[in-house]
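Undergrad: Hey, can you work out the whole structure from these sequences and the hints?
Residues per chain, in single letters:
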Amino acid sequence: MTVTGSDNARDLRGAFGLDRYERALGTSRAWLLRSVLDQIASGDAMRLASLADADALLVQQALLVAELMALEHLDDAEVASRRAESTVLRTACSDAFYLLRALPKSSDPDASRKCLLRLSCYGILGDRSADVRRWLREQGLPELPAEQDVWPRRVFGTVADSFLRIARKDGWADLHEVARGIAELRRLQTQFEQDFLAGISASAQVAALELVSLYHLAKAVELLGTFCGKGTPKDIVSELKFHYFRAIRAASTGGMVELDVLLRWMRAASIQVAQNSIWWLLRSFNSRISEHVRHLASEDVARPLLELLPPQRRALLEDGLLDPAHRAVVVQMPTSSGKTLLAEFRILQAINSFPGCWIAYLVPTRALVNQIALRLRRDLEPLGLTVESAAPVQEVDVFEEEWLTSAEAANIVVTTPEKLDLVIRGAKRRPAQHPLGLVILDEAHNIGETERGVRAELLLAMLNQEYPDAQFLLLTPFVPNGQELAVWLDDQRSRAITVLAADWQPNDRAIGMVYPEGRARDWALRFRTLHTQPAGIETPEPLSLNGQGPALDLTVSAVKASKSKIAAAAAKVLSRRAGSTCIVLADSPGTTWTIADILGQAAETRATTDRVELVKRFAETEIAPDFKLREILDKGIAVHHGGLSPELRFLVEWLTEEGDVRVLVATTTLAQGVNFPVSSIVLATHYLYQPNRGKQEMSPAAFRNLAGRAGRLFQDTLGIVAFAAQERDDAAIEAFVSRQVQELASVLETMVIDVLDRGWDLNLTSLVHHDPRWASFAQYLAHAYRQAGDHERFVADTEKILRATWGYRRLFSSRPAAAEQLVDASRQYANTLRNMGPGILSLVDSTGFSGETLMEVLQRRDLLPSTADEWSPSSLFRAGTPTLAGLFEILIGVRELQLEVPAGSQHRHLAEVLSMWVEGRPLGEIAAQHFHAEGADVTDSITQCCRQLFQRFAQAGAWGLGALQALSGIDTSGLPPEQSEALRSVPAMVYYGVPTVNAVLMRALGVPRSIAVPLGDRFAAEQSGGVGPRVVRARTWLKDLPSETWEEVKPAAARMSGDDYRRVWRILNGMGDR
Amino acid sequence: MDGAVTLRWEDVYRHDDGRLRVHGRRTTSTHEFRRFVQSRVRERLRRASAREQLREYLSELTSTGFAIANLSAVSPAEVALAPWEIGEVLAEVLLEETERAEFPWPPFWDKRSATASLPGPDLVGFLGEEGSECFLFGEVKSSDADDVRASVINGDDGLRRQIERLLTSENRRQLLISWLCVRANGQGWQPKFDRCLAVYLANPSQGAVVGVLLRGRDPSEADLQPVRSAAENQASPYRVMLLGYYLPVQLAELPAVLVGTAERP
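As given, the protein sequences belong to chains A and B, one line each in that order. So for the first sequence, our numbering puts the first residue at 2; every next one is plus one. So for the second sequence, our numbering puts the first residue at 845; every next one is plus one.
No lab work stands behind these hints, which were simulated from the structure alone. Quick reminder that beta carbons are idealized off the backbone N, C-alpha and C, glycines included. One or more of the hints may lead you astray.
Stated by the list, open to error - If you anchor each label on the Cβ, the simulated ranges turn out as follows:
hint: 1; chain 1: B; residue 1: ASP860; chain 2: A; residue 2: SER545; range: 44 to 54 Å
hint: 2; chain 1: B; residue 1: ALA917; chain 2: A; residue 2: ARG379; range: 54 to 64 Å
hint: 3; chain 1: A; residue 1: GLY172; chain 2: B; residue 2: PRO1099; range: 54 to 64 Å
What the hints assert, rightly or not - Among chain A residues calculated to face chain B with C-beta under 10 Å, some are:
hint: 4; residue: SER204
hint: 5; residue: GLU223
hint: 6; residue: PHE243
TA: Structure, rendered in structure tokens:
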């Protein structure tokens, strides 16, 4: 179409006035925010804002523009999504969706039905299916025509209802209803059609044409419903085109204007629905993937997956995610876009291409290791694949060693990069018949962000060199230079998939500042939107964010004085959104308790649930009877930070997902950890504590990732992110949100530039002493040196070894002189490596310490126990023995461990804490004895105790003791098996806080600490003759263990019953609590 | 178009305030009228062939699983057109003749039967000279009833309500434009459509609404008075034309006139 002489579809907007068009769109988007805030203020979840007449008219007129632009390109719905025509269609339909949704609704069921049909079609074609589904769920479907209504109206009403159900896909129930509804029409046809036709005096032909059209439409919708559920008929698109063509033809012949136009929309949308369906994948892929699809869509699954999100669809069907010719693939998708599903498909593809291979799935945190392992187990075990997780601690326990080296090796291993590094470099490598087929690195942007990033980078470099057949999949939110990462890993066979990073978001988001305004006790909160990238919803003026009356019983000046109070007030209001959760982000565990207290004082006790009571009993048993978390849970409030045990954090997350927690006050443990979305996020601060760096502003990428969690994909139409501010204007916050995501940079590159720019020498031997990141690099070289087997060969290959790293490649292109200096420095370091000798180099690989550290430790060899008896757990952890204290005296000096001991503490203190921990003493007791500060309450001391234990001591202790054991030269091979295992399990005992080998096994499987010992003993007694890795057998045993047995073995003083323990174990293992 | 056959009209009432024009015309020559209908209207009707098509469509309907027996009974080989059906086409031709309107797509039947689930207005086309065209939306009513107001002017389906809706419902007008849009591609009238669209987008008040009344009775200005009042009460900026065409034959005779069996001296 040409308008004003140009071929460009944009000219429609130009003819209308681009400003007017943008204003209309802005109005419709702002309407969404105003509706949500109205709902919060009124408590009415169905309430919608209204538009002023002039605004409504403008929106309506802009809607015509969007519709006409889309109509021109309806046939492009089938064209590949990156083509310009398809983009025009998608954008126009997305605009039409926003515009139509904001317009006033009719109460007449027929009019409402037609409006919803159009809205659904626009949304489906505009890649807003998730919004359509939510909207239809929230608003409900109009009443069907009554029995006495005229026949064509009944037919149309039923068919329209069916189409809306397909768009809504509220599980299999909707699809069944589609089939039932259309079948019912056929049954009623004879009875009602004849009466209808007989009653028409004039235009019988038109009436007949209308019915012809509607019957073809009914058939098309019926087929679509069947395809969405079962994947048949396979030629669904041809069938749809057949029937829609005839429907449109009949409507056109009969001059049925409205039906004619509507059918065209429905045709295009139906084809899109078919292509969005998970069954569409079956057309292209192998049998394993087909099997997986069938499983995901099955009626037996609690939440069947019937439809792919646009980013998933594009990655799988258009961008070659599964093309085996692409060895290295980087997928950039917004948070909550369904990356894990893509990873699953890639896993299946790899196993299909390389039967017998194994897959490493790498994530940055312990919480994510658990979450991903659970998810993969749930989804892939039905296909006969096994998933194991390796604890993110720098040592391989006896059970891990068992399943790692077993003939029935796990297909998929989920762990952290550091752990995999150890597994590969150490003597724990997999048998040759199980080659590494695929490495998946999740949250891959961490390569450039954290100190651990350099380890991940070097790990990938090492894997790339040693496993040239292994494939790579990197998952990351958007970074500007994703392609660079892909090419680093494989020059020739790489692919960076940027899936709609700029223009697709799972939800709409409003990002802004919340500040109090008013006088004395008559005040309210205001919400002012900020301009962000990608653009969120913006309104020109601040809006009220209100409940009824001030959110807190304080004066406005008292509230303004503290961002914690402002945050608490905002959270209290936002948590009123029906069925929603609000997260408040705080900078420390102490602040989370403060905010939780403020909220607790303002909130009422809610009716408790069985789940909450279970978690309370868990906290009483595993932490302390008077732990504050119990009180605030009664009010629907919880905290989440490093001062809780990992299991308790998981249970808090579980309660949140179940809807028992309305406000969750958290630190970055949540921001960087588990990936579950919530409705709203309030930031009490955007300065967060980073290990070894103190308080730092969040990076733009971290903020985007966090903001991406506001708005649950299929539940919240709008996610809200609010910064607590003391005044209407806060330049620091405004500057912060407008910062762009920077290009990802290699930490290694940064390290080198940092040194050179300061004028220092690039002397690795010296640098290793000052910076643990250089220790990681030194280890990389040490391993490569060992692999080379020969000094001259290493020196000759140095550049090649460095070129495998991303940092070197970037240096080479940006600062070639620096790159050359790095090569020289590495060659120099080779001399140091030669002097260390093969023994030390082997220990570098098996312990994860640098050679320098090992040499220093060996100078204190006198402190190392030299006999097996001294290393036995019963001796080592016995209260009062000096051995453990001596070991920690060494470990405090080891820079890799970064054992920050609290001021005034000594190595003896550390040893005592860990002894109590391993012995199994409750956390409350350890806290009272070793972490109680003058004037602090029980919760403070428990928080401190947990932080130190879980974030430092347990990990570092386990790692360190494992390394020292290796250095002590103890030969466990000559010992009786039980004794050998006990010795080798010492690090794991420290990590898990239990004193026996069997208890370690239980803990590795998520059994609560207080029952691990007796349950472990019971397992050993009942399963002593078993075959196969114990982890696998124990998991099955635990699954089948009746409540009565749990009850028998539980500690007498435990506040949890046997059934409680069993439920908690099931929850921690993702099985549901019954 | 058969340029030789035109009608001579006599104004019987007229009111024009620049925005609203109420205009009654009468043609008295029966002979001329018959020739006009037999040439201009008959030619337009030949483009429509729903009857034949319906039979063809029914043969494919079995693929839907719905029964076709009742529907088959609806499509006899030949059924005479009803007077009001001819009236609709006649109205289009008359508007083209007297108002320089253009209706690019085949005529419609009455979609606003109470039974149609998705009814739409009768007329959508263009109005005006090249360079000053705009969209034209309209409704047609035909009636020889004594009380024409009760018959086709007032009431839910009456002309008054229909004109009100066209003036107030942006939705309704936009639907018609969308409908034309999907047909415009590659057609000779596409440039005109594009020009009208550009005008409409730049200023949606640039448009015209027409209400047509056909009668084979004596003219009376009172016939359209309710519609005029409704239009005057609307604040819409649209141009409104309320046109009464008074014919020399009764509407009931139109089918015979069309076929040529109602010859009169």
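Undergrad: Could you check the structure against the hints above and give me the numbers of any it violates, in ascending order?
TA: Failing hints: none at all.
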